[in-house]
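J.: Okay, here's what each chain looks like letter by letter:
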Amino acid sequence: MSSKQTALWNKTKTFLLKNTMIIALVLVYLFFIIKSQGRMFLPQNVNNLIMQNSYVVIIAVGMLLCILTGGNIDLSVGATVCLVGAICGVLMVNLNMNPYLTMVICLLAGLAIGLWQGFWIAYVRVPPFIVTLAGMLLFRGLAQAILGGLTISGFPDSFLSIFNNYVNIPALDSGAIHYSAIIFGVICCVIFAVATIFSNISKKRKGYTVENRLSMYSKLVVICAIVMVLMYKLSLYKGIPYILLWLIGIVSIYAYITAKTTFGRHFYALGGNEKATKLSGINTNRIYFSAYVNVSFLSGLAALVVAARFTSANPAAGTNYELDAIGACFIGGASAYGGIGTVSGAVIGAVLMGVLNLGMNIIGVDSNFQKVVKGLVLLAAVIFDVVSKRKAIKAAA
Amino acid sequence: MSDNILEMRHITKEFPGVKALDDVSLSVRRGEIHAVVGENGAGKSTLMNVLSGIYPHGSFDGEIYYNGAPCCFMKIRDSEDLGIVIIHQELALVPYLSIAENMFLGNERGSSINIDWDETYAKADELLKVVGLRDSSHTLIKDIGVGKQQLVEIAKALSKNVKLLILDEPTASLNESDSKKLLDLLKEFQKKGVTSIMISHKLNEIAYVADRITIIRDGMVIETLDMSEGNVDEARIIRGMVGREITNRFPAREHHVQDEVVLEVDHWSVHHEQYSDRTVVDDVSFDIKKGEVVGIAGLMGAGRTELAMSIFGKSYGSSVHGTLKIHGKEVVLNNERDAISHGLAYVTEDRKGNGLILSNPIRVNTTLARLDKISNHEVIDLDKEYNMAVSMKDLLGIKCSSVEQLVGNLSGGNQQKVLLAKWMFAEPDILLLDEPTRGIDVGAKYEIYCIINDLVSQGKSVVMISSEMPEVLGMCDRIYVMSEGRMVGEMDAVHATQERIMSSILSVNKGA
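Residue numbers (the working numbering), protein chains in the order written: chain A, 1 to 397; chain B, 1 to 512.
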């Protein structure tokens, strides 16, 4: 092989390694599209993919913060979803409370659960596994007690519409194609392109090193293409679901926090080396505390999404959600030892899990066997993490 | 007379970049107590690890003859089967298991699927009696003191039918009476035909028990002295331990010391973090002037790290007492953040464990202590961070592909420079450097010395904790000596010699 070819091969290899999960996602999606003779790619199914996985994405973002602090997980998120959903049902349906006020109370309830667990974990140093295992029983039990084992349904429309409706601008969306989705997609792409180019220009002006132009533009084109295809599919169905806007908002906020703020940097440092972080003058207790406060708060929000989607609060809500969220983070490249992982990775992991679920349902895989597949995918992702890390250590030695 | 139980011939052991043992030969006579002395890092422990099979046969050059037969130990078990047992300085006992369980750990009585507990406890009690320990063998290790734990280790060695007992600083954490008991026990064993090799720093103890002494320095055997010949005194041993020439290993030093005292520590005491009844720093006072490099010499375990860390926002220890004055003003630093904002920096001796995040790039490590410098309202300016990291990298001459390289992939010397870069980025006035050149090669050491000189020429002050005496002598303006938690000496670098430092360390051991 000539040196030019070797260089090219090395570049390709790093590209593949950096984007393994995106490539895996695309391949799995293509596989199901072919297997289902295109049904997987019907506008309705694209829409379902978003609707069905919204709660996983929200919880996974919070779970990522916990995992970053050192591979710690929160087992209580499913129970939290159930409890907050129960509170929501009782207040809104049984007591006829104002929906908006109820929502605020529910979010505060999630926050309170986070304060409770965070306190024990961060300041008393009870292992997170134990605290959240206890929480899992505690909150599930409380929820079932509140609901008396029954399902509450009949949420007011004013509540349901916040999460379940679609963007509908009469001038644009009265026809078969909901143009608002396409316009929204174009706006997103333009903003993204302008932001990329501007940051590049400002970097150049300040004399910083800039990314390779080819890779920058190809990335831009690929992302914009994906966004436009997604929006086109949605426009053929009912337009942009509100829940997508919620997701974009939450994911952007947390992606920004983890990537660009000192607060976010502290999570990575803590997971990488707790002692070094402490000696750098960072309050490590507070980082643990905020991780668990955040994940419970986001679980509270997910509870509202779930209640709205199922239009009911039931005692079995949220079962196994913790596993979906943890799986999403690890599949998305978070390290089981902490300190490594991104919000976008967790989102990709959640979507990959969602694609697996939806795809296997569409092509009619036996539901028992579905669990086997998901288990194997999760194991494979973590093995990949462990092995690649061992290789990196060997290469360094 | 020449009945040697053990002969080690021409042992050479190399670690990447360091020759830990250089053609070392050691012969031990049957039935003697043989002391091995030398400075920290001289290679004593490495030699014992070679002997006990921790470094397997083939990872070093040279031969080992035991009872006249050549040995190729691949693992510790191999040497233990022949009756060679090593007791490490750090005791290897499991705190929540009983004495008996610990004694027979890995060597259980009965069969592997059916442990005979009755025999275990009976045998353990019997052996405890031999070492003079009156506690029941059912007692948990965590409930007995360090002195007794040391005896349990010896009883454990006896259970393995020991012929050659190796003790690595057995009395380092013992008080006077426990030490005496232990040494008497060794003499008892000697009568029963057990040969011992003892590594120690305490010359009075060596004089008490040893028949012969081997002095090791810089991985080489200097000489072996026979105590019975009567011409062996402490001065001779000390000269042997430290007597190396200081050549051009240090950059030329200029005097930058100004009159202003920047840090004053007064009657500072610290207790052990876990065992709060143990005093690790005992009523220590010292001060440092602007532009000064102050060395704190001493042996490992003298309490120097504990002193530095407790000053740095009480990051070590329980019940920290004493007063701290920075720029003449008394301050109380309750956490690391406080310490940093008062212009202190603590550069740890354990760069991998306490200093760096190995899985993160150089850039992230460089800025971690002062993220506020590169951020605006908690939002990090990543471009600025990158540039700052690059300029620190260039300033310290860190060799790397880019500042995005993971710190875990750097060499020890470069990692140490990243650690220094991190704390220089924090812009402290006073740097507490804990073993700043440990485990790095001579070239990198020289560069770090230059960095230290640059720092003091800018009016910073440096406290340098080091176990390498030439380094302390070559780099410092003033030298404190610490031993067993106390300050036992202070001298100007001009008047200091290795002999003076060593004898102030040893004088305390003798007096205690």
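Hint data in this document are derived by calculation from the structure and do not stem from the laboratory. One thing to keep in mind: the hints can contain errors.
Label-pair distances were calculated between CB atoms; the ranges are [claimed, not checked]:
1. Ser-276/B / Ile-130/A: 24 to 32 Å
2. Arg-249/B / Tyr-217/A: 52 to 60 Å
3. Lys-13/A / Arg-249/B: 42 to 50 Å
4. Gly-397/B / Lys-13/A: 28 to 36 Å
5. Lys-204/A / Gln-458/B: 57 to 65 Å
6. Ser-367/A / Tyr-275/B: 42 to 50 Å
7. Ser-401/B / Val-387/A: 20 to 28 Å
8. Ala-259/A / Val-146/B: 44 to 52 Å
9. Met-300/B / Ile-130/A: 31 to 39 Å
10. Asp-143/B / Ala-259/A: 32 to 40 Å
11. Ser-401/B / Gln-370/A: 53 to 61 Å
Backbone N, C-alpha and C define an ideal beta-carbon position, used for all residues, glycine too.
J.: Now look at each hint and say whether the structure bears it out.
T.: Evaluation of the provided hints:
1. Hint check: Ser-276/B to Ile-130/A, Cβ distance near 26 Å, so the stated range 24 to 32 Å holds.
2. Between Arg-249/B and Tyr-217/A the beta carbon distance is about 54 Å. The supplied range of 52 to 60 Å therefore holds.
3. Remark: the range hint 42 to 50 Å for Lys-13/A to Arg-249/B is upheld by a beta-carbon distance near 44 Å.
4. With their beta carbons about 31 Å apart, Gly-397/B and Lys-13/A fall inside the hinted range of 28 to 36 Å.
5. Between Lys-204/A and Gln-458/B the C-beta distance comes to about 33 Å, which lies outside the given range of 57 to 65 Å.
6. For Ser-367/A paired with Tyr-275/B, a C-beta distance near 57 Å fails the hint of 42 to 50 Å.
7. Between Ser-401/B and Val-387/A the beta carbon distance is about 23 Å. The supplied range of 20 to 28 Å therefore holds.
8. Our hint of 44 to 52 Å for Ala-259/A and Val-146/B holds, since their Cβ atoms are close to 48 Å apart.
9. Checked against the hint of 31 to 39 Å, the C-beta distance between Met-300/B and Ile-130/A comes to roughly 37 Å, which is consistent with it.
10. Checked against the given bound of 32 to 40 Å, the beta carbons of Asp-143/B and Ala-259/A, roughly 50 Å apart, lie outside it.
11. One distance hint, 53 to 61 Å for the beta-carbon pair Ser-401/B and Gln-370/A, is violated here, with the actual separation near 45 Å.
Of the hints listed earlier, those the structure fails to meet are numbers 5, 6, 10, 11, in rising order.
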